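All chains, full assembly: derive it from the sequences and hints.
Listed below, chain by chain, are the residues.
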Amino acid sequence: QKEVEQNSGPLSVPEGAIASLNCTYSDRGSQSFFWYRQYSGKSPELIMFIYSNGDKEDGRFTAQLNKASQYVSLLIRDSQPSDSATYLCAVNMRGAGYSTLTFGKGTMLLVSP
Amino acid sequence: DGGITQSPKYLFRKEGQNVTLSCEQNLNHDAMYWYRQDPGQGLRLIYYSQIVNDFQKGDIAEGYSVSREKKESFPLTVTSAQKNPTAFYLCASMRALNEKLFFGSGTQLSVL
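Chains as they are written, first to last, in the numbering used here: chain R, 1 to 113; chain W, 1001 to 1112.
Derived from the structure by calculation, the hints contain no laboratory data.
Here are the simulated lysine-lysine pairs, DSS-like style, with alpha carbons at most 30 angstroms apart:
hint, chain 1, residue 1, chain 2, residue 2
1, W, 1057, R, 67
2, W, 1083, R, 42
3, R, 56, W, 1100
4, W, 1083, R, 105
5, R, 42, W, 1057
6, R, 105, W, 1057
7, R, 2, W, 1057
8, R, 105, W, 1100
9, W, 1057, W, 1083
10, R, 42, W, 1070
11, W, 1009, R, 105
12, W, 1100, R, 2
13, W, 1083, R, 2
14, R, 42, W, 1071
Everything numeric in this text was worked out from a predicted model, so none of it was measured.
Laid out in C-alpha cells, this is it:
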C-alpha cells in the first residue's frame, strides 16, 4: 500500500527558531512532492513543492528531497507564531495513467512567542 | 477572481437522506478531486476525474457518488449508504498531471 508518513507532533519551537518537519513515502516511483499548511477549520494551502533531489528555497521556507532515502523535509526559518498550524506532506503517486496526491496525516507545529 | 468554490460551507444530513456538495472551478483545470478529512487525520481520496464524463474511485468511494458533466463542475453526493458521513469535505483541482493541487474552502458535513 502506498503511504506517506509524518510525525503527528506537536512540534514546539520558540519564536525565531528553525522548525524542521519530516516526511517519508513508500512509492519509489513518486515524482512530485508538496507541503501544505492548514489552519484549524480551514482548507490546506500550498506553500512549497519540489520535483528534484536537493534543496529548494522560497523565503523562510526550504524544502529538501532525497529520493534515494524516500525522504522529504520542510524547514521554516525564523519561525513566527503565525506559522502555528498543521503541515501536510503530499506525494504524487501515479496509478493507471492518472495523477493523485497521497497525503500524510500532518504534523502540528506550535510556535511560542 | 479565479478559484474553486464549494457550497454550502456547513451542511446537515438527516438519517437516510442523500445530500449533494457543490464544487465549481473557473481555473480551466482538467482534473478535479474530492477528499475527506476527519479530525486529526490526513486527507483521504474519495473520487477524482481527469476529463469530462469520466471519473475514478479513490480509496474510500463506498457510499459516495459523483458526476462530471461539465469541466467546471464536480458535485459529490453523500448517499444514505455512507454510515459515518460526518467530516470536512474538500474539493480540489489540478491543471495537468504532476502539477500543483489547489483546494476549495471546504464543506463541513454533520449528521442530525
